[in-house]
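A.B. asks: Whole structure, please, built from the sequences with the hints as guidance.
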Amino acid sequence: MTEEARHFETELAVIGSGIAGFAASIFALNKNITTAQVGNTGAVAYTTGYLDLLGKIEGETGAVENPWESVKTLKNNCPNHPLSDISTNDIEEAFIQFTTFLGECGIAYSSPGKTNITALSPAGTLKKTLCLPSTMAPGPKAFAAQKPCVIVDFKGLKGFSGRQVVANLQDKWPNLRTERISFPDMTSGEIYPEVMARALEVEQTREKLAEAIKVVAEAVKVIGLPAVLGMHSPDFVRAELERLTGLEIFEIPTMPPSVPGIRLREMFEQVFPQKGLTLIPQQKVQSLTFKDNEVVLHIRDNYGPITIHAKAVILATGRFLSGGLEAHITGISEALLDLPVTQPEKREDWYLNQYTDVRGHAIHKAGIEVDSSFRPLGKDGKPYHQRLFGAGIILAHQDWIRSRSGAGIAIATAYKAVEAVDNFLHA
Amino acid sequence: MSDQKTPTINFKEKAMELLPEGASFEACLTCGLCSSGCPASGLENMDPRKFIRMAMLGMDEELSTTPWVWCCTQCKRCQHVCPMNIDISQLVFIARGNWPQEKKPAGIVRSCQLIRSTDSTSAMGLPPEDFVFVVDDVLKEVRETQSGFENLQAPMDKKGAHFFVNQNSREPMNEPDEMVPLWKIFDMVGADWTYSSKGWAAENFCMFSGDDDAWYQVIKTRVDAVHELDCKVWLNTECGHSYYTMWNAIAKFGMDVNFKLESLVTYYAQWIREGKLPVNSDWNVNNIKFTVQDPCMIVRKAYGDAIADDMRFVVKKLVGEENFIDMQPNRSANYCCGGGGGFLQAGMTEHRRAYGKRKFDQIAATKAAYVLTPCHNCHSQMEDIGHFYGGDYGVVHFWTLICLSLGILGENERTYLGPDLLALID
Chain A
1 MTEEARHFET ELAVIGSGIA GFAASIFALN KNITTAQVGN TGAVAYTTGY
51 LDLLGKIEGE TGAVENPWES VKTLKNNCPN HPLSDISTND IEEAFIQFTT
101 FLGECGIAYS SPGKTNITAL SPAGTLKKTL CLPSTMAPGP KAFAAQKPCV
151 IVDFKGLKGF SGRQVVANLQ DKWPNLRTER ISFPDMTSGE IYPEVMARAL
201 EVEQTREKLA EAIKVVAEAV KVIGLPAVLG MHSPDFVRAE LERLTGLEIF
251 EIPTMPPSVP GIRLREMFEQ VFPQKGLTLI PQQKVQSLTF KDNEVVLHIR
301 DNYGPITIHA KAVILATGRF LSGGLEAHIT GISEALLDLP VTQPEKREDW
351 YLNQYTDVRG HAIHKAGIEV DSSFRPLGKD GKPYHQRLFG AGIILAHQDW
401 IRSRSGAGIA IATAYKAVEA VDNFLHA
Chain B
1001 MSDQKTPTIN FKEKAMELLP EGASFEACLT CGLCSSGCPA SGLENMDPRK
1051 FIRMAMLGMD EELSTTPWVW CCTQCKRCQH VCPMNIDISQ LVFIARGNWP
1101 QEKKPAGIVR SCQLIRSTDS TSAMGLPPED FVFVVDDVLK EVRETQSGFE
1151 NLQAPMDKKG AHFFVNQNSR EPMNEPDEMV PLWKIFDMVG ADWTYSSKGW
1201 AAENFCMFSG DDDAWYQVIK TRVDAVHELD CKVWLNTECG HSYYTMWNAI
1251 AKFGMDVNFK LESLVTYYAQ WIREGKLPVN SDWNVNNIKF TVQDPCMIVR
1301 KAYGDAIADD MRFVVKKLVG EENFIDMQPN RSANYCCGGG GGFLQAGMTE
1351 HRRAYGKRKF DQIAATKAAY VLTPCHNCHS QMEDIGHFYG GDYGVVHFWT
1401 LICLSLGILG ENERTYLGPD LLALID
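So the protein lines, in turn, are chains A and B. Going letter by letter, the first sequence gives residues 1 to 427 in the working numbering. Going letter by letter, the second sequence gives residues 1001 to 1426 in the working numbering.
Think of the hints as simulated: they come from the structure by calculation, not from any bench. All residues carry an ideal CB built from backbone N, CA and C; glycine is no exception. Just so you know, not all the hints are guaranteed correct.
[To be verified] Within a straight-line C-alpha distance of at most 27 Å, the following computed DSSO-like cross-link-like pairs (lysine-lysine) qualify:
1) A:208 <-> B:1357
2) A:31 <-> A:208
3) A:275 <-> B:1316
4) B:1289 <-> A:208
[As the list claims (entries may be wrong)] Estimated spans, in silico, between C-beta atoms of each pair:
5) A:274 <-> B:1160: 41 to 49 Å
6) B:1013 <-> A:296: 51 to 59 Å
7) A:58 <-> B:1260: 55 to 63 Å
8) B:1287 <-> A:274: 19 to 27 Å
9) A:352 <-> B:1216: 35 to 43 Å
10) B:1133 <-> A:296: 49 to 57 Å
11) B:1101 <-> A:125: 30 to 38 Å
12) A:203 <-> B:1216: 46 to 54 Å
13) B:1424 <-> A:274: 50 to 58 Å
14) A:353 <-> B:1101: 52 to 60 Å
[Unchecked claim] Over 10 Å on every C-beta distance to chain A, these chain B residues come out as not near it, computed from the model:
15) 1012
16) 1016
17) 1031
18) 1064
19) 1083
20) 1328
21) 1333
22) 1364
C.D. replies: Below, the structure is given as structure tokens:
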């Protein structure tokens, strides 16, 4: 049986299906650059849904209230940080384009504000973020206004405990209590947020849940729920539950596997092909061939070989979890092209002795180097190839988890990389 | 129930052998995306994540004997959403094969035996001569009773025909009139096709029983039948797993074949694009809503999204773009309905319906009046869960709606139409 190879021609190929990869595709679509995106199931399904720009600066105490001012200080504190050379205007434009796109495609987000929002974590701790889904927006407002509120959780649901949320917040939010209810028609065994969210797309399930919520709300008018309010029409589901209960309802992220990330991934998988983007999800690029006039991506799925012929490529393959970087006994390598990786000199320097050491671990700043046009550097210190660009957390000199800047780095560097691609393609 | 002990498999060893390139159990975060996205999670107190963790912990006896392997439909959705690309369905296949024959679900074993009992490879045991008779009989009746189809053809064993067409046994056995819309479509597009008296049947329960040797034998009979007639294309009709069982086996067993494997859905789309099937949605004056079910076996497990897009193209042409509502999630991310993997024949009705609740929710969320699907197992399961959970949707074959749109759907070919659709014809 002969296999039929499939070929695609495109201006830009984006490798990676995390926030950076999806953001790059959005910016490319906005610039009318024909785009193909390919990447294994990325880490996007693990996101809380919050889009952080910058929540903490290395060497400074306290959380960042004004990320725009703090980004400017990165230039002094962390001059090699990927955000330090990007103007706040560009970062803001990138966030606006990204959140606008999400909103137009059915997942409404708050626009980037002048300051960070104090948002609730799945454990009921507080964190700083810049933009959040509209389904979550009333939570921080209710907290700021200290409104009486009930956190409702569900029998059989792991990864979200109302009791834990209330315990962590009780000193800061005195009018908070929790109630546990059964999710309609799921009364036994472990239940997952994903399943609950899909069930809430059904009118009858919403009606039953609304009744159960009304019972435990008593006189309280604000209800916090784990993030389960629908998968494909979350804003509608929330509005319907508010209509049915007469209460204000908001979502709090849950531990992975959580709904906000699955929402984003499934939305992208729906919308991108409709917008003319060639999306090849759940596949890794096996190899790249660079030619004078194009780059060829080699992929293989269940059905056989696929090749993508692109004029430019953005590498947004992430770090260890997504497979962009690989850790070996001898050191850290970049998985696809063996690009040089900036990393601690010795393996024993990867981690400090204490996991929670406030200084953080050196391995978390490992990554590839790029020039001012976001072209990854090769072993000779020069751009690896004029058609190759890089974006996202594969870039070195940042510890995105500790600095609460994962989405900021992904979105802003993707924006700049696409800008550079556009200049290259249309110079 | 037999007293024969189920042998114990070393699942960790098997799992390591099966890991695709680049995949790693060490990197498994136990994040649970697999279980979260699996409709079989919780049945028999098991889920995909638990299965893998138990394998890593060496809990081989428990895994070798858990009936959950008959609830998992091997739909591969767990692998689809796994960042580490871990294929749990292959472990389930090995576990199924390891069960003593006497302990396996009798419905699956019996169907496999029947498939191997005649050259038809029919899970209902319909022998070649009976198939030939039924086709001939139905054809005669159509020619005599349906105006415009006096010369309708249903070629049998026609050497050198372009298409070798298979058929799910349910049609010749239980509802032979359901074959007619397909013949009419072939007639309209001028297809050069044939049935074969040997290897004509679509279904393969030997694959579901985890029996490699039996699976191979079934496919060999079918491959030999296509070669014997020297056809260019083995055309899979509206049956999901029949495509996968043939396509996968050819690669898995390294079989030498000189024909192409194609799905009828692809040709529906092609013939509509070429104008050979001049369908339209003008008939849908009441804007009846339709959704589509992507069979795992031809979408996620074989072709990928390309065939799912073809299906949507066809449906939109048939019912009107505004009357098509996609299920969520869909295409390669779609949920298995619970009719696959032999679940319908495994005698585990309560579990199967619990599994199907997610599909029911998906369909209910669309508020569609009908689900279209090119798969018999999907068809039966969605009908059953619809009745069980109180849904009011119908399930229809593509061929039915194509012929309805073309105004050539005979009176005996309307079994799956509800009063709303029947009213538009009469």
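A.B. asks: Quick check: which numbered hints come out false for this structure?
C.D. replies: 2, 6, 9, 11, 13, 17, 19, 20, 21, 22
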